[in-house]
Each structure stands twice: as C-alpha cells, then as structure tokens.
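Enquirer: Using the hints provided, position chains V and X relative to the given structure of chain Z.
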Amino acid sequence: MTVPDDHSLNLAWRRRSPRQVEGPFCREKVVRVMLAGAMLSAALGVAAILGFLAYFAWPLVAGGHLSQVFSWHWQPVRGQFGILPMLAGSLLLTLSAVLAAYPLAMGLCGFVHGAGRGPWVRPVLALIHFMTGIPTVVYGFVSVFVLVPRIRQWLGGTGYSWLAASLTLSLLILPTMVLLIHTQLRQTDSRVRLAAAALGLTPVQELLWVRLPQASQGLWAALILGWSRALGDTLIALMLSGNAPQVPQAVADSLRALTAHIALVVATDVGSAAYHSIFACGLILFAISAAVNLTLRRLQAPVAAPHHTHG
Amino acid sequence: MAERLERLFTGFAWSAVLGLGAVLAGLMIFLVQRGLPSLGTALFFGSTPVAEGLMGRLPVWDGIWPACVGTFLLVVLASLIAIPLGVAGGVYLAVYASRRERRVYGFLVDLLAGMPSILMGLFGFALILLLRKTLLPSANTGLLLAAGCLSLLVLPYLIMTTQTALLGLPSALHLTGLSLGLTPWQNLSRVLLPAAGRGIMSGVILAVGRAAEDTAVILLTGVVANAGLPHSWTDRFEALPFTIYYLAAEHRSAAELDRGFGTALVLLGLTALLFLWAYGLQRTFARRWDRRVNLP
Amino acid sequence: MKLRQTWQFIVITALCCGLMSLCPTPGRAGALESFKALDGTLDIAGGTAHIPVMQDAAKNIMQVNPKIRITIAGGGSGVGVQKVGEGLVAIGNTGRALTPEEVSRYGLKSFPFAIDGVAVAVNPANPVGALTSEQAQAIFAGKITNWKAVGGKDAPINLYGRDEASGTREVFWGKLLKKGPVAEKTNIVASNGAMKVAIAQDPGAIGYLGIGHVDQTVTAVKLDGAEPTQENAKNGTYPITRKLYMNTKGEPTPLARAFIDYILSPEGAPIIQKHGYIPVQQ
Chain Z
80 MTVPDDHSLN LAWRRRSPRQ VEGPFCREKV VRVMLAGAML SAALGVAAIL
130 GFLAYFAWPL VAGGHLSQVF SWHWQPVRGQ FGILPMLAGS LLLTLSAVLA
180 AYPLAMGLCG FVHGAGRGPW VRPVLALIHF MTGIPTVVYG FVSVFVLVPR
230 IRQWLGGTGY SWLAASLTLS LLILPTMVLL IHTQLRQTDS RVRLAAAALG
280 LTPVQELLWV RLPQASQGLW AALILGWSRA LGDTLIALML SGNAPQVPQA
330 VADSLRALTA HIALVVATDV GSAAYHSIFA CGLILFAISA AVNLTLRRLQ
380 APVAAPHHTH G
Chain V
10 MAERLERLFT GFAWSAVLGL GAVLAGLMIF LVQRGLPSLG TALFFGSTPV
60 AEGLMGRLPV WDGIWPACVG TFLLVVLASL IAIPLGVAGG VYLAVYASRR
110 ERRVYGFLVD LLAGMPSILM GLFGFALILL LRKTLLPSAN TGLLLAAGCL
160 SLLVLPYLIM TTQTALLGLP SALHLTGLSL GLTPWQNLSR VLLPAAGRGI
210 MSGVILAVGR AAEDTAVILL TGVVANAGLP HSWTDRFEAL PFTIYYLAAE
260 HRSAAELDRG FGTALVLLGL TALLFLWAYG LQRTFARRWD RRVNLP
Chain X
21 MKLRQTWQFI VITALCCGLM SLCPTPGRAG ALESFKALDG TLDIAGGTAH
71 IPVMQDAAKN IMQVNPKIRI TIAGGGSGVG VQKVGEGLVA IGNTGRALTP
121 EEVSRYGLKS FPFAIDGVAV AVNPANPVGA LTSEQAQAIF AGKITNWKAV
171 GGKDAPINLY GRDEASGTRE VFWGKLLKKG PVAEKTNIVA SNGAMKVAIA
221 QDPGAIGYLG IGHVDQTVTA VKLDGAEPTQ ENAKNGTYPI TRKLYMNTKG
271 EPTPLARAFI DYILSPEGAP IIQKHGYIPV QQ
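Chains as they are written, first to last, in the working numbering: chain Z, 80 to 390; chain V, 10 to 305; chain X, 21 to 302.
Just so you know, these hints were derived from the structure itself, not from any lab. Keep in mind that a hint or two might mislead.
Covered stretches of chain X, going by a simulated chain Z footprint (3 or more residues, C-beta under 8 Å) [stated by the list, open to error]:
hint : region
1    : 70-78
2    : 179-189
Derived coverage of chain Z by chain V (criterion: at least 3 residues anywhere in the stretch with Cβ under 8 Å from a Cβ of chain V; other residues may be distant) [unchecked claim]:
hint : region
3    : 117-127
4    : 206-213
5    : 321-329
6    : 332-345
7    : 353-364
Positions of the beta carbon are idealized from the N, C-alpha and C atoms, including for glycine.
Extracted from the complex, chain Z is given alone in its bound form:
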C-alpha cells in the first residue's frame, strides 16, 4: 500500500478536503469533523457565558443605571447599587494573598531545586501535590474555627476580616504557584545545567543566577495565574471576609469580594437593579479573566498545566 501523497508528516493537519472520498479517508473526514465539533463545544461554552452575562446586564445600560452601578455605596434600600467597594475588596484581598503566597512559593521552589538536601525534596513535593487535593471549602471551614477567633482576639474586630480571608486564600493558591514555577524551572536545558555544574556552581547558585533569570516568563505566569485563581475563588471570601460592602481601612476590617457578592445577591428579586448589578459584577470578572489571558499570551507563556489553574 502506498502512502497517499496529500498526507504530510506534519503534526498539524491542514484543513484540506481529501481528494479521495472513499474508504478510510471518508471516515477520516467524519472523525475530524466530530473532533472539531467537540472543540467547538468549549468555544460555545465561553460564548454562552459571555452572552448571558451581557444579556442580563443589558437592562442596566438600557435603563441608564450604569453610573449607579459604578459608584461607591451598596445600600439597595436607598437605591444605591454601587459595586465599586466589592471590586476594591476583591483586588485588595487577592493582591495581598499573592503578596503572601508568592515569596513563599519562591522559597519552596528554591528548596526543591537547590537549597534542599536529597531525601527532603521528594516529601516536600509530595506535600505540595497533596495540597492541591484539599478542597477550598475545607480550608474555609478550618479557618473559621482556627483563624477567626485568634484574629478577633489579637486584632479586634469580628475576626471575619481581610486578614483571615487573605491568609487562607494565600494557602489556597500556594500549590498552584509552586507547581507552575516548578514546571518552568524543570524545563531548563540540561546542557546549561551541566555547564553550570562543570563550572563549580552549587545548586543554590545555579538556581539563583542561572535558572531563575531564564525562567522569568514562567515566574510572571505563575504570579498572574495565581492571582487570577485567587480572584475567582468564591467560598473563602464568602466564609471568611465578613461580607460588609465597604472598602476596608485596616486588615482587621471586613470586606466583600465580587464573587461573594454575586453569591449573596443572586437571591434578590429578579428584575431589580440589584439583581442586574450582579451580572455587571460577572462581566467585570469575565473581563479581568480575559485580560489576564491576553497578558499571558503576550508574554508567550507556555500553556499552564491544567491542575494548576483552578477556577
């Protein structure tokens, strides 16, 4: 049997209608169409979500309430539907979580890739992998009974605060960041590492001066993806942040995140401005997600391994 001449050995098959339509090539086309259809389903999913958010947020724009929604006070009984405090809350919460988690992630990766002694490295990595399996709700549950009373005792306030949510959130995103940086660091060319070893660099020196500078793209990607994971989390903010619709002035103050706001408000009267405002929140979250992805594409970061990017 001869190899048909319109097949290239390229891995990416060009969209070319097979000239022979009998036998195995018809099946090929069918298979290809089916697979393409499956791919489309994901695309449809994204489009559907965007479509619904836009459709349900539209009455805000049409009714001229948009300026109302982009204001600083959320008091529906007085007709104030401002979601900006929630946006500020989300940003403050997630940025502080990343600030706590990222150095820790760097330290852990540093341990695994250089500073750690032989037998300790595998258990630490196994521990990180174990952490990816801890459900979000369990983090929240334990924090409510361990962290909140202590914050109430030491810093005052109710304990349900920016600090409580931020610390727990940083614990949540830590394995994501660690595994992303870890994957990136592992991809260093072995020749470079051999050269470094030949020059007499210790593992830590090799890590600090050779591998980290090379992995800068991956480091940025880890930062941004970790932040986006933190932004998308609902339950920790809902359980731990106190949900007061205000911009927090101190770490012991209560705040409300966009995601928790959606969860709290979806129960209101369908059709009111308050109800439509949650779709505005959804659109903001969607927009931020999209912006993050575009930034990562711009950085030409590698496709993130999936179990590191929980939504």
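Expert: Only chains V and X this time, still in chain Z's reference frame:
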C-alpha cells in the same frame, strides 16, 4: 555579597518549608482531632437504620449519605458530559488543528480555565430563568443543570491535559505510524491514545476531583440543605461541599458541628485520594515518555 | 410515562382531596393520613426562620409515606419570593408580608402560620441586657461604637446584619431602625442560624434574629423595657414582630396544599411551638 544572598535564600527556603509544614500539620491535626471521633455509620445515616437509608427506603435526616450520593451523581453526570467532549477536543487541538485554530481555540480554553466558577453557576441560573420564559416552561434547577455547569468547569482541564499528554509523546511516535501507512485516525486510536492513556487518565481523575469539591457552581444551580436521595435528574440534591459550608455557618448544635468536621474529613479524604491517584498516573506517564535527566 | 401516570393519579387524588377539604377540620390523625395517598416531590425554599419547622414537618410526612420527597432550601425571604414567583419551587417561605407589587406581579397566595418576634441579640458574656430604641438605632447606624456607652464593658461593638434577601432584616429595619441608616461595616451573614452562630462566637457582637431561634447560646435584650418573648410579641408588648408565611403561586398543588394544611392543623401546632413560634390559629 552574593554569598550572603545565597545563604539568605537558603535560610528563607528552609523556613518556608518548615513554616508550610507546620501550618499544614496544624490544619490536619485539628481536622483529624475534631473529625475522627465523628466518623462512623451515625455520620452517614444518622438515626436511620443503615440498610433502609442506603436503599432510600427511609429518609436519612441527620446523616450525610444523601450528600455523598448527590456528589457522586453530580460527578458521574458531569464526567459523562465532559470527558468525551474534553478528550476529543484535546485530541483535535493536539493533532488536527491548524496554527490559527490552535491559537483561537487555545485562547478560549484558557479563558474558560481561568474563569471564576461562580460565573458558571450564574450562567446556569440565568439559563434556567430564560428557558422557563421561552422554550421549556418546566425547566428547573437540579442535578442535570448543576452537572452541565460543572462539566463546563472541568472541560478545559480535560482538553489541556489531553493536549499536553499527546504532545508529550515523542514525535517519533507520531511519525512512525503515519510513515507505515496508517491513517491519522488509525494512528491515533491504535498508537497515540493508548500511549497517552495514563496522561489522559490523570486528567480525567483531576476533573473528577475538581467536580467533587466545587461549591460555587452548585450553590446557584440546585443544591439545598435537605433533599434526601434524588429521584430524577431535575431534582434538588445535597452535596458534600455544600453540607460542609452550611454546617460551618449554621450548625444548630455541637453535634451538628461535629458532623461538619466528619464531613470535611470525608471530603478531604475523597479528593486527596483522587488527586494523589492522578499525580501517580501523571508521574508514571512522564517517567515513560520524559527524556529529561532529573525527575524530582 | 411513569410521570404522566403519576400526574393522573395526583389529579384524581386532588379531586378527592378537594372534596375532603370542603369538610370541617379533619380529626386528629387526619392531616398526616392524607399524605398516604399522595406522591411526588415538594420543593420548599425561602425564609431561614421557617427551616426548623419545615424540617420537622417533612420528617413526619416522609415517615408516613416514604414515597413523598420534600426538599428544603434556605436563602431568605427574598429567595422564597423569587423562587416561588418564577415557579422554581412549590412553596416559598417569607418572614415578612408580601408587598402588593410582589402579589400582583407573580400572583402569589399567602398562608401565615406563625407569629415570631425579632429580637436584638448579644453574646451571653455581655452584661448589657436592655437597650432603648434610640440606643439600638444609634448602634446599628454605627454612631455608638463602644459597649461602655450603653453600660457594658469597654470593648468595641461588632455589628452583624443580614443580606437584602432577608425578611428578618426587612422587619427589623422597618420597625426598630425606622428605616434609618445602617453602618456599612456591618458583617453580613446569610441566615438566622448563621446569625446565631456568629453572635455566640463573638463576645462583642450584636445582631438580630427571630425569637424562635434564640436559645442559651445567645441573649435577647430587652427593648424599651419589653421582654423579647413570643407572648409579648403576640399581645403587642414587644413591637418588633412579624408573621411567618408560606406562599404559593396561585392555588397550591395538591401536595403543597396537604403540606400547608398539615402545618395549619392541630398536629402542626406542636411542631411550631417546639421551635419557639406561636401558631397563628391559636
């Protein structure tokens, strides 16, 4: 100067590890201490006899068995929807897609992966409201809707893992089959997919674990505090993560709180097992095909 | 197919029940007996104050007839109205009266079944046991921020409130706060049960919840000298009261009707009283 920095870094790395170890140990000890005493048939079935509660002949009131069943059904249904679509999509992206298609679809998949899970729940809820007004007046929130939204949540994981698994195979494997005269589909089904099997399985298990632990999506699409065993695909249901959330916020007695700890332990055990299994599969897959020197 | 048969059965049973409902209040075992002939799922959602009563009633009914399935969700009175109005559940519970707009928009029917008061609650460790209306209004508006201003320890006041969907909040805000300002820094909890847990854990807490939910883990304070008890709520001495309502969209389905009748029957009264409310029929 550089030496000091290196020493500082080493010290920082060690303290990071010890700190994390201490925090995790504290978390686990606290959870196990409070939760272990509650494990037992009383946790699952309350005061209902086990045999009746298991079969659903008598309702289980103070136990988490309905939540376990609810979570199980959710995960099964979401997997049935997402796995074929996800694996097929991943295969398409890895083998068939043109460069432009890969860019566009890849972007959309990444977008879906990074999207907050509550948006999927919101989408589901809004979908039901819209359906009720237009096509399907009897549409309602329930297992089917929640599983559909969950499948949207895990779809990108499946696509990306399948794609990574297939691309992680040596290119020689892709080419040999073709050069021997196999059609692309034959090459896929007989050579590539079996070879990438472990990697794809690890993605499947990851997706299952993710679906089991998610709360935000089911919050808006049909989970309730008390529902018993679901009888149909459009029924309200209970689920383990929601039970934990509910008991944390509203436990009416110390016994209920203990039940919450027991439930947390059960869910943790379940997801930890799933994720570790996925990790193990991923490692054997990588060990088989990875040409890298170091594999910590 | 089976579903269609089930519906036919329900219609026939409904006709019989309809005839039976024309008779005077059934005998002692009557209310639960009527469930033996019924089948199907009853979805209930809404007010969190109602949940204990609903759960007990559901337990009794499902023991009599395990084929019936009753699901209970919380969410607050707003959720109750929303879900029953959109047809997502059969019975929507509210802890406040329906507004005329809600009634006309969704075509809802209300069935009040209990009287409940809304009490201001503090942690049991808090020595403050009585407040005036003015003090309460100032506290919840954020004007008074330390317990010593109202006779307690020198500690900051931690405010807890409910979300917009809550009927309890609506009644409290309308009747005690007189629709006045509410501090933005109030921590929001999602239900009566959650409010109770939050106040019980925080020594400096103050919040509000239905009197039916008050137990030894929280202390309800006297308001203008009136003890926050259900009797006082009923006879008017304690002014912050509301009725608990079950609402349906139009006429209730046969299963919903049976459930409502059960709660309103003499058999339902002990359940209501057990959870600290006063049945309306008394």
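Enquirer: Looking back at the numbered hints, which does the structure fail to meet, lowest number first?
Expert: 1 and 5
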